[in-house]
Amino acid sequence: MTPPARTLAFPEFVALLAMLFATIAYSIDAMLPALVVIAQELSPEAVNRAQLVVTVFVLGMGLGTLFWGPISDSYGRKSIVVFGIALYCTAALVAARAQSLEVLLAARFVQGLGAAAPRVVTLAIVRDLYQGRMMARVMSIVMTIFIVVPAVAPMIGAGIIALADWRAVFWSFVVFGIVSGSWLMIRQPETHPPERRR
1 MTPPARTLAF PEFVALLAML FATIAYSIDA MLPALVVIAQ ELSPEAVNRA
51 QLVVTVFVLG MGLGTLFWGP ISDSYGRKSI VVFGIALYCT AALVAARAQS
101 LEVLLAARFV QGLGAAAPRV VTLAIVRDLY QGRMMARVMS IVMTIFIVVP
151 AVAPMIGAGI IALADWRAVF WSFVVFGIVS GSWLMIRQPE THPPERRR
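For the sequence shown, counting from 1, position 17 maps to 17 in the UniProt record's numbering; every step adds exactly one.
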């Protein structure tokens with residue numbers, strides 16, 4: 001049986017995992033400053049409906065957490081993360097061009113579905129490579145980086161809106177996904193080879 005490959009240096013590996021893990025937090029918190037503007041443009045008659053932009057994302061993410069892990073057990077970690085990120089980016093592009101709140105909400109649901117893949121499969125990658133105290137150490141470092149995101153993301157979102165508009169926030173999600181997905185594809189070997197799949 002081929003052991004999992006681990007060619008990345010530890011700091012780069014942890015940084016990559018932290019970025020993948022932070023996809024959901026960034027996608028929620030960077031959006032918060034945009035809700036008022038979205039409400040004014042797409043739902044002026046019922047401004048509170050704009051809050052559903054967050055709710056449906058969380059619903060999609062919750063659904064995705066149920067199946068991405070088992071699917072990655074069968075098809076490998078990298079391919080599932082990349083597929084999830086592609087889904088996430090495609091939905092972000094649709095959301096960026098949405099002319100109605102209904103289209104935006106549908107896109108956000110799909111975006112949450114895709115964003116669940118890097119979150120769930122990141123944990124599986126850590127389990128593939130580490131056990132015991134070392135696994136706990138990796139996750140503690142990842143979580144330490146992760147908890148910074150909810151503090152920073154709203155400021156990033158507000159800055160983007162100040163320079164452009166709320167639609168540009170969704171373009172930032174596309175950039176985030178492309179960077180993290182490309183980094184994974186280019187630098188991180190598959191940690192769950194075919195002979196270990198079920």
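Treat the hints with care, as some may be off.
[Stated by the list, open to error] DMTMM-like mimics (lysine to aspartate or glutamate), calculated; alpha carbons at most 20 angstroms apart, straight line: (1) Lys78 with Glu195; (2) Lys78 with Glu12; (3) Lys78 with Glu190.
[Said to hold, decoys possible] If you anchor each label on the Cβ, the simulated ranges turn out as follows: (4) Ser100 with Arg196: 43 to 51 angstroms; (5) Ser79 with Arg49: 32 to 40 angstroms; (6) Gly159 with Val47: 33 to 41 angstroms; (7) Arg137 with Ser100: 22 to 30 angstroms; (8) Pro193 with Val37: 41 to 49 angstroms; (9) Asp73 with Gln40: 27 to 35 angstroms; (10) Pro44 with Arg196: 28 to 36 angstroms; (11) Arg127 with Leu59: 37 to 45 angstroms; (12) Ala168 with Ser79: 42 to 50 angstroms; (13) Gly159 with Ala15: 16 to 24 angstroms; (14) Thr90 with Val37: 21 to 29 angstroms; (15) Tyr75 with Arg49: 16 to 24 angstroms; (16) Ser79 with Val47: 37 to 45 angstroms.
Hint data in this document are derived by calculation from the structure and do not stem from the laboratory. Every residue gets a Cβ at the ideal spot worked out from N, C-alpha and C, and that includes glycine.
Status of the hints after comparison with the structure:
| no. | hint | verdict |
| --- | --- | --- |
| 1 | Lys78 with Glu195 | holds, 15 angstroms |
| 2 | Lys78 with Glu12 | holds, 16 angstroms |
| 3 | Lys78 with Glu190 | holds, 6 angstroms |
| 4 | Ser100 with Arg196: 43 to 51 angstroms | holds, 46 angstroms |
| 5 | Ser79 with Arg49: 32 to 40 angstroms | holds, 37 angstroms |
| 6 | Gly159 with Val47: 33 to 41 angstroms | violated, 23 angstroms |
| 7 | Arg137 with Ser100: 22 to 30 angstroms | violated, 47 angstroms |
| 8 | Pro193 with Val37: 41 to 49 angstroms | holds, 47 angstroms |
| 9 | Asp73 with Gln40: 27 to 35 angstroms | violated, 45 angstroms |
| 10 | Pro44 with Arg196: 28 to 36 angstroms | violated, 54 angstroms |
| 11 | Arg127 with Leu59: 37 to 45 angstroms | violated, 26 angstroms |
| 12 | Ala168 with Ser79: 42 to 50 angstroms | violated, 30 angstroms |
| 13 | Gly159 with Ala15: 16 to 24 angstroms | holds, 22 angstroms |
| 14 | Thr90 with Val37: 21 to 29 angstroms | holds, 23 angstroms |
| 15 | Tyr75 with Arg49: 16 to 24 angstroms | violated, 37 angstroms |
| 16 | Ser79 with Val47: 37 to 45 angstroms | holds, 41 angstroms |
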